[in-house]
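Make the full structure from the sequences, and use the hints.
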Amino acid sequence: METQSVFLPCYSIGGKDVYKKVPDICRPYGTKAVVIGGTRAMAAAKDDLLAGIAGSDIEIIDFIKYGDDVTYEAAQALEENPVVQSADMIFAVGGGRATDTCKTASDHMNKPLFTFPTIASNCAAVTLVCVMHKPDRSLAGFHYRKEPAKHCFINLDIIAKAPLEYIWAGIGDAFSKEYEPPFSSMNDELDHSNMIGVDLAKHCGEPLAKYAVQAYEDCKNQRVSEALKQIVLNIIITGGIISTLIETEKYNGAIPHSIFYGSTPIEACEQNHLHGEIVAYACLPQVMLENRMDDFERQFKLNRALGLPTSLAEIDIQIGTPDYEKLLDGTMADRCMQYLPYPISRDDVDQAIRKTEDYHNAHVTND
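So for the sequence shown, the working numbering puts the first residue at 333; every next one is plus one.
No lab work stands behind these hints, which were simulated from the structure alone.
In this text, all values refer to a predicted model and were calculated from it rather than measured experimentally.
Be aware that one or more of the hints could be misleading.
[To be verified] Heads up, simulated EDC-like pairs for lysine to aspartate or glutamate below, C-alpha to C-alpha not over 16 Å straight-line:
id, residue 1, residue 2
1, K378, D349
2, K348, D380
3, K348, D389
4, K542, E558
5, K378, D489
6, K364, D389
7, K364, D394
8, K352, E412
9, K353, D394
10, K561, D349
11, K561, E538
12, K478, D439
13, K482, D356
In C-alpha coordinates:
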(Lines of atoms letter the chains of each structure in order from A and count residues from 1; the text may use other names and numbers.)
(Lines give C-alpha, C1' and ligand atoms only; values in the text may rest on other atoms or scores of the structure.)
Protein backbone atom coordinates (compact mmCIF):
# COMPACT_ATOMS: atom_id res chain seq x y z
CA MET A 1 0.00 0.00 0.00
CA GLU A 2 1.28 3.45 -0.89
CA THR A 3 2.28 5.62 2.06
CA GLN A 4 0.51 8.98 2.30
CA SER A 5 1.58 11.98 4.38
CA VAL A 6 -0.74 14.94 4.94
CA PHE A 7 0.48 18.17 6.56
CA LEU A 8 -2.31 20.55 7.53
CA PRO A 9 -1.97 24.32 7.99
CA CYS A 10 -1.41 25.81 11.45
CA TYR A 11 -2.30 29.38 12.32
CA SER A 12 -2.77 32.07 14.94
CA ILE A 13 -5.24 34.92 14.47
CA GLY A 14 -5.84 38.10 16.44
CA GLY A 15 -4.91 41.76 16.55
CA LYS A 16 -1.36 43.07 16.53
CA ASP A 17 -0.55 41.09 19.67
CA VAL A 18 -0.76 37.90 17.59
CA TYR A 19 2.88 38.52 16.68
CA LYS A 20 3.80 37.99 20.35
CA LYS A 21 3.22 34.30 19.58
CA VAL A 22 6.17 34.32 17.18
CA PRO A 23 8.99 33.58 19.68
CA ASP A 24 7.38 30.50 21.24
CA ILE A 25 6.17 29.07 17.93
CA CYS A 26 9.31 29.79 15.90
CA ARG A 27 11.99 29.08 18.53
CA PRO A 28 12.32 25.33 17.73
CA TYR A 29 13.46 26.27 14.22
CA GLY A 30 16.28 28.66 15.13
CA THR A 31 16.86 32.25 16.18
CA LYS A 32 17.76 34.15 12.99
CA ALA A 33 14.91 35.14 10.68
CA VAL A 34 14.91 37.08 7.43
CA VAL A 35 11.74 38.96 6.53
CA ILE A 36 10.88 38.87 2.82
CA GLY A 37 7.91 40.54 1.19
CA GLY A 38 6.53 43.48 -0.69
CA THR A 39 7.66 46.97 0.27
CA ARG A 40 4.24 48.16 1.50
CA ALA A 41 3.48 44.90 3.26
CA MET A 42 6.73 44.90 5.21
CA ALA A 43 6.19 48.54 6.18
CA ALA A 44 2.70 47.67 7.46
CA ALA A 45 3.91 44.72 9.53
CA LYS A 46 7.36 45.90 10.67
CA ASP A 47 6.52 47.73 13.91
CA ASP A 48 4.11 45.04 15.13
CA LEU A 49 6.56 42.28 14.24
CA LEU A 50 9.50 43.93 15.99
CA ALA A 51 7.32 44.55 19.04
CA GLY A 52 6.22 40.93 18.96
CA ILE A 53 9.75 39.54 19.18
CA ALA A 54 11.11 42.21 21.55
CA GLY A 55 12.89 40.68 24.51
CA SER A 56 13.08 37.23 22.90
CA ASP A 57 15.99 35.39 21.32
CA ILE A 58 14.45 35.69 17.84
CA GLU A 59 16.48 38.13 15.72
CA ILE A 60 15.41 39.60 12.40
CA ILE A 61 18.61 39.94 10.40
CA ASP A 62 17.14 41.88 7.46
CA PHE A 63 14.04 42.99 5.56
CA ILE A 64 14.32 42.06 1.85
CA LYS A 65 12.00 42.85 -1.06
CA TYR A 66 10.85 39.61 -2.69
CA GLY A 67 11.11 40.91 -6.27
CA ASP A 68 8.56 42.36 -8.66
CA ASP A 69 6.46 39.29 -9.47
CA VAL A 70 6.14 35.65 -8.47
CA THR A 71 8.69 34.10 -10.84
CA TYR A 72 11.23 31.32 -10.62
CA GLU A 73 13.85 33.98 -11.32
CA ALA A 74 12.78 35.97 -8.25
CA ALA A 75 12.83 32.82 -6.12
CA GLN A 76 16.30 31.93 -7.40
CA ALA A 77 17.59 35.42 -6.57
CA LEU A 78 16.43 34.88 -2.99
CA GLU A 79 18.05 31.46 -2.87
CA GLU A 80 21.36 32.99 -3.95
CA ASN A 81 21.17 35.91 -1.50
CA PRO A 82 23.80 35.44 1.25
CA VAL A 83 21.52 36.97 3.90
CA VAL A 84 18.75 34.51 3.07
CA GLN A 85 21.26 31.66 3.06
CA SER A 86 22.46 32.61 6.54
CA ALA A 87 18.97 32.79 8.07
CA ASP A 88 17.53 29.90 10.07
CA MET A 89 14.02 30.64 8.81
CA ILE A 90 12.09 32.81 6.37
CA PHE A 91 9.24 35.12 7.37
CA ALA A 92 7.08 35.73 4.26
CA VAL A 93 5.12 38.97 4.63
CA GLY A 94 2.44 40.21 2.23
CA GLY A 95 0.03 38.87 -0.36
CA GLY A 96 0.00 35.91 -2.69
CA ARG A 97 2.83 36.91 -5.03
CA ALA A 98 5.34 37.63 -2.30
CA THR A 99 4.25 34.59 -0.33
CA ASP A 100 4.41 32.17 -3.27
CA THR A 101 7.89 33.45 -4.17
CA CYS A 102 9.04 32.80 -0.61
CA LYS A 103 7.28 29.44 -0.55
CA THR A 104 9.17 28.36 -3.65
CA ALA A 105 12.56 29.62 -2.49
CA SER A 106 12.25 28.19 1.03
CA ASP A 107 11.16 24.83 -0.40
CA HIS A 108 14.23 24.69 -2.64
CA MET A 109 16.44 25.67 0.30
CA ASN A 110 14.74 23.39 2.84
CA LYS A 111 14.36 26.35 5.20
CA PRO A 112 11.46 26.64 7.65
CA LEU A 113 8.84 29.11 6.41
CA PHE A 114 6.42 31.22 8.42
CA THR A 115 3.80 33.41 6.74
CA PHE A 116 2.40 36.79 7.75
CA PRO A 117 -0.45 37.73 5.39
CA THR A 118 -1.18 41.45 5.31
CA ILE A 119 -4.21 41.10 3.02
CA ALA A 120 -6.97 38.50 2.78
CA SER A 121 -7.27 38.05 -0.97
CA ASN A 122 -6.52 34.30 -1.18
CA CYS A 123 -5.28 31.27 0.74
CA ALA A 124 -1.66 31.39 -0.45
CA ALA A 125 -0.34 31.79 3.11
CA VAL A 126 -1.22 28.20 4.02
CA THR A 127 -1.34 26.23 0.75
CA LEU A 128 1.18 23.93 -0.92
CA VAL A 129 0.70 25.32 -4.42
CA CYS A 130 2.66 28.29 -5.75
CA VAL A 131 1.25 29.97 -8.87
CA MET A 132 4.33 30.95 -10.86
CA HIS A 133 4.60 33.57 -13.59
CA LYS A 134 7.04 34.10 -16.42
CA PRO A 135 8.95 37.41 -16.55
CA ASP A 136 6.31 38.70 -18.99
CA ARG A 137 3.69 38.01 -16.24
CA SER A 138 2.05 35.13 -18.13
CA LEU A 139 1.49 31.82 -16.32
CA ALA A 140 4.62 29.69 -16.00
CA GLY A 141 3.02 26.80 -14.13
CA PHE A 142 2.73 25.58 -10.55
CA HIS A 143 5.28 24.64 -7.92
CA TYR A 144 4.04 22.30 -5.19
CA ARG A 145 5.70 22.39 -1.79
CA LYS A 146 6.29 19.30 0.26
CA GLU A 147 4.39 20.81 3.20
CA PRO A 148 2.65 24.08 4.13
CA ALA A 149 4.37 26.86 6.00
CA LYS A 150 5.15 25.88 9.58
CA HIS A 151 2.71 28.49 10.90
CA CYS A 152 0.64 31.41 9.67
CA PHE A 153 0.26 34.56 11.79
CA ILE A 154 -2.86 36.57 10.87
CA ASN A 155 -2.91 40.16 12.14
CA LEU A 156 -6.45 41.49 11.70
CA ASP A 157 -5.39 45.05 12.57
CA ILE A 158 -3.26 45.11 9.43
CA ILE A 159 -5.82 43.36 7.22
CA ALA A 160 -8.58 45.76 8.31
CA LYS A 161 -6.44 48.70 7.13
CA ALA A 162 -5.35 47.16 3.82
CA PRO A 163 -6.76 48.50 0.52
CA LEU A 164 -10.43 47.53 0.38
CA GLU A 165 -10.17 45.82 -2.99
CA TYR A 166 -8.22 42.90 -1.52
CA ILE A 167 -10.85 41.68 0.95
CA TRP A 168 -13.47 42.32 -1.76
CA ALA A 169 -11.65 40.09 -4.24
CA GLY A 170 -10.83 37.56 -1.53
CA ILE A 171 -14.51 37.13 -0.77
CA GLY A 172 -15.20 36.74 -4.48
CA ASP A 173 -12.59 34.02 -4.85
CA ALA A 174 -13.81 32.23 -1.71
CA PHE A 175 -17.31 31.90 -3.17
CA SER A 176 -15.99 29.35 -5.68
CA LYS A 177 -14.99 26.81 -3.04
CA GLU A 178 -18.65 26.00 -2.32
CA TYR A 179 -19.25 25.18 -5.99
CA GLU A 180 -16.11 23.76 -7.58
CA PRO A 181 -14.82 20.79 -5.51
CA PRO A 182 -18.30 19.33 -4.86
CA PHE A 183 -19.16 19.65 -8.55
CA SER A 184 -15.91 18.22 -9.93
CA SER A 185 -15.96 15.28 -7.54
CA MET A 186 -19.66 14.41 -7.56
CA ASN A 187 -19.35 11.11 -9.44
CA ASP A 188 -16.15 9.88 -7.76
CA GLU A 189 -15.62 7.54 -4.85
CA LEU A 190 -13.40 9.69 -2.67
CA ASP A 191 -10.63 8.59 -0.34
CA HIS A 192 -10.36 10.05 3.17
CA SER A 193 -8.53 13.32 2.49
CA ASN A 194 -10.54 14.14 -0.63
CA MET A 195 -13.79 13.30 1.15
CA ILE A 196 -12.96 15.61 4.08
CA GLY A 197 -11.82 18.39 1.74
CA VAL A 198 -14.92 18.20 -0.44
CA ASP A 199 -17.22 18.03 2.57
CA LEU A 200 -15.55 21.13 4.01
CA ALA A 201 -15.98 22.92 0.67
CA LYS A 202 -19.73 22.29 0.77
CA HIS A 203 -19.95 24.41 3.93
CA CYS A 204 -17.87 27.37 2.73
CA GLY A 205 -20.92 29.29 1.61
CA GLU A 206 -22.59 29.45 5.02
CA PRO A 207 -20.18 31.89 6.74
CA LEU A 208 -19.83 33.89 3.54
CA ALA A 209 -23.58 34.39 3.31
CA LYS A 210 -23.74 35.29 7.00
CA TYR A 211 -20.71 37.54 7.41
CA ALA A 212 -19.35 38.76 4.05
CA VAL A 213 -21.36 41.95 3.68
CA GLN A 214 -20.75 43.01 7.29
CA ALA A 215 -17.03 42.21 7.05
CA TYR A 216 -16.75 44.30 3.92
CA GLU A 217 -18.48 47.22 5.65
CA ASP A 218 -16.18 46.82 8.66
CA CYS A 219 -13.13 47.01 6.41
CA LYS A 220 -14.49 50.19 4.87
CA ASN A 221 -14.27 51.63 8.38
CA GLN A 222 -10.95 49.88 9.17
CA ARG A 223 -12.70 48.10 12.02
CA VAL A 224 -11.70 44.70 13.40
CA SER A 225 -14.81 42.65 14.13
CA GLU A 226 -16.05 39.11 14.59
CA ALA A 227 -17.49 39.23 11.07
CA LEU A 228 -14.09 40.18 9.66
CA LYS A 229 -12.41 37.41 11.64
CA GLN A 230 -14.82 34.79 10.30
CA ILE A 231 -14.39 35.94 6.70
CA VAL A 232 -10.60 36.10 6.92
CA LEU A 233 -10.59 32.57 8.36
CA ASN A 234 -12.85 31.45 5.51
CA ILE A 235 -10.62 32.99 2.84
CA ILE A 236 -7.19 32.06 4.19
CA ILE A 237 -7.66 29.01 6.40
CA THR A 238 -10.75 27.14 5.19
CA GLY A 239 -9.77 27.65 1.56
CA GLY A 240 -6.21 26.61 2.35
CA ILE A 241 -7.21 23.44 4.18
CA ILE A 242 -9.48 22.43 1.31
CA SER A 243 -6.70 23.03 -1.19
CA THR A 244 -4.30 20.97 0.93
CA LEU A 245 -6.66 18.01 1.32
CA ILE A 246 -8.09 17.59 -2.18
CA GLU A 247 -6.36 16.49 -5.35
CA THR A 248 -5.73 19.87 -6.91
CA GLU A 249 -5.53 18.67 -10.52
CA LYS A 250 -8.94 17.01 -10.24
CA TYR A 251 -11.11 18.93 -7.85
CA ASN A 252 -9.77 22.43 -7.26
CA GLY A 253 -11.59 24.07 -10.14
CA ALA A 254 -14.49 24.06 -12.56
CA ILE A 255 -16.26 26.73 -14.61
CA PRO A 256 -15.50 29.70 -12.28
CA HIS A 257 -11.73 29.39 -12.47
CA SER A 258 -11.81 28.28 -16.10
CA ILE A 259 -13.67 31.46 -17.02
CA PHE A 260 -11.10 33.46 -15.07
CA TYR A 261 -8.17 31.85 -16.89
CA GLY A 262 -10.07 32.23 -20.16
CA SER A 263 -10.26 35.96 -19.44
CA THR A 264 -6.54 36.47 -18.86
CA PRO A 265 -5.60 37.00 -22.54
CA ILE A 266 -8.22 39.78 -22.76
CA GLU A 267 -6.39 43.03 -22.07
CA ALA A 268 -9.27 44.85 -20.39
CA CYS A 269 -9.83 41.94 -17.98
CA GLU A 270 -6.17 41.60 -17.15
CA GLN A 271 -5.64 45.32 -16.56
CA ASN A 272 -8.90 46.36 -14.92
CA HIS A 273 -10.20 43.40 -12.92
CA LEU A 274 -9.00 41.24 -10.04
CA HIS A 275 -8.87 37.45 -9.93
CA GLY A 276 -11.56 37.13 -7.24
CA GLU A 277 -13.77 39.67 -8.95
CA ILE A 278 -13.97 37.61 -12.14
CA VAL A 279 -14.28 34.31 -10.24
CA ALA A 280 -17.23 35.74 -8.28
CA TYR A 281 -19.00 36.57 -11.56
CA ALA A 282 -18.16 33.16 -13.00
CA CYS A 283 -19.80 31.33 -10.08
CA LEU A 284 -23.12 32.43 -11.60
CA PRO A 285 -22.76 30.57 -14.92
CA GLN A 286 -21.53 27.53 -12.96
CA VAL A 287 -24.70 27.36 -10.85
CA MET A 288 -26.87 28.31 -13.82
CA LEU A 289 -25.44 25.40 -15.82
CA GLU A 290 -26.35 23.08 -12.94
CA ASN A 291 -29.86 24.60 -12.89
CA ARG A 292 -29.61 25.29 -9.14
CA MET A 293 -31.77 28.38 -9.22
CA ASP A 294 -32.14 28.86 -5.46
CA ASP A 295 -28.34 28.91 -5.13
CA PHE A 296 -28.06 31.12 -8.22
CA GLU A 297 -30.44 33.70 -6.76
CA ARG A 298 -28.62 33.67 -3.41
CA GLN A 299 -25.25 34.14 -5.12
CA PHE A 300 -26.61 36.85 -7.39
CA LYS A 301 -27.90 38.82 -4.39
CA LEU A 302 -24.59 38.43 -2.56
CA ASN A 303 -22.64 39.67 -5.57
CA ARG A 304 -24.95 42.66 -5.91
CA ALA A 305 -24.72 43.48 -2.19
CA LEU A 306 -20.93 43.47 -2.38
CA GLY A 307 -20.64 45.28 -5.70
CA LEU A 308 -19.19 42.18 -7.36
CA PRO A 309 -20.07 41.67 -11.03
CA THR A 310 -23.18 39.86 -12.19
CA SER A 311 -22.77 40.53 -15.91
CA LEU A 312 -20.06 40.33 -18.55
CA ALA A 313 -20.20 44.07 -19.16
CA GLU A 314 -18.96 44.60 -15.62
CA ILE A 315 -15.75 42.77 -16.54
CA ASP A 316 -15.45 44.58 -19.90
CA ILE A 317 -16.70 41.80 -22.20
CA GLN A 318 -19.68 41.86 -24.54
CA ILE A 319 -21.43 38.84 -26.06
CA GLY A 320 -20.88 38.64 -29.80
CA THR A 321 -17.46 40.29 -29.79
CA PRO A 322 -14.06 38.71 -30.57
CA ASP A 323 -13.20 39.01 -26.87
CA TYR A 324 -16.24 36.91 -26.01
CA GLU A 325 -15.17 34.19 -28.44
CA LYS A 326 -11.68 34.37 -26.96
CA LEU A 327 -13.19 33.97 -23.49
CA LEU A 328 -15.09 30.83 -24.50
CA ASP A 329 -12.05 29.34 -26.23
CA GLY A 330 -9.83 30.03 -23.23
CA THR A 331 -12.39 28.65 -20.82
CA MET A 332 -12.65 25.37 -22.68
CA ALA A 333 -8.86 25.06 -22.97
CA ASP A 334 -8.25 25.54 -19.25
CA ARG A 335 -7.10 22.55 -17.19
CA CYS A 336 -10.05 22.95 -14.80
CA MET A 337 -12.37 21.83 -17.63
CA GLN A 338 -10.47 18.59 -18.13
CA TYR A 339 -11.85 16.79 -15.08
CA LEU A 340 -15.60 17.23 -14.75
CA PRO A 341 -18.42 14.89 -13.67
CA TYR A 342 -19.96 14.91 -17.15
CA PRO A 343 -19.12 16.38 -20.55
CA ILE A 344 -19.59 20.16 -20.79
CA SER A 345 -19.37 21.66 -24.24
CA ARG A 346 -18.48 25.15 -25.42
CA ASP A 347 -22.15 25.62 -26.24
CA ASP A 348 -23.11 24.60 -22.69
CA VAL A 349 -20.87 27.32 -21.24
CA ASP A 350 -22.13 29.82 -23.80
CA GLN A 351 -25.75 29.11 -22.88
CA ALA A 352 -25.03 29.34 -19.14
CA ILE A 353 -23.43 32.75 -19.65
CA ARG A 354 -26.29 33.96 -21.85
CA LYS A 355 -28.88 32.83 -19.29
CA THR A 356 -26.92 34.65 -16.59
CA GLU A 357 -26.98 37.77 -18.76
CA ASP A 358 -30.74 37.43 -19.22
CA TYR A 359 -31.27 37.13 -15.48
CA HIS A 360 -29.06 40.15 -14.83
CA ASN A 361 -30.90 42.23 -17.40
CA ALA A 362 -34.26 41.26 -15.94
CA HIS A 363 -33.35 41.96 -12.32
CA VAL A 364 -30.62 44.55 -12.00
CA THR A 365 -32.92 47.50 -12.72
CA ASN A 366 -35.02 46.45 -9.72
CA ASP A 367 -32.09 46.84 -7.27
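Hints versus structure:
1. K378 <-> D349: holds, 13 Å
2. K348 <-> D380: Holds, because 6 Å separates the two Cα atoms, which is no more than 16 Å.
3. K348 <-> D389: violated, 20 Å
4. K542 <-> E558: Between K542 and E558 the Cα gap is close to 11 Å, so the pair holds against 16 Å.
5. K378 <-> D489: Holds, at about 13 Å.
6. K364 <-> D389: This hinted pair holds, its Cα atoms lying about 9 Å apart.
7. K364 <-> D394: Holds, at about 10 Å.
8. K352 <-> E412: Between K352 and E412 the Cα gap is close to 30 Å, so the pair fails against 16 Å, i.e. violated.
9. K353 <-> D394: Violated, because 20 Å separates the two Cα atoms, which is more than 16 Å.
10. K561 <-> D349: Distance of about 15 Å is within 16 Å: holds.
11. K561 <-> E538: The given pair, whose Cα atoms are some 15 Å apart, holds under the 16 Å limit.
12. K478 <-> D439: Answer holds: K478 to D439 is near 7 Å, not above 16 Å.
13. K482 <-> D356: Given that 16 Å is the threshold and the Cα spacing comes to 13 Å, the pair holds.
Of the numbered hints given earlier, the model fails hints 3, 8 and 9; all others are met.
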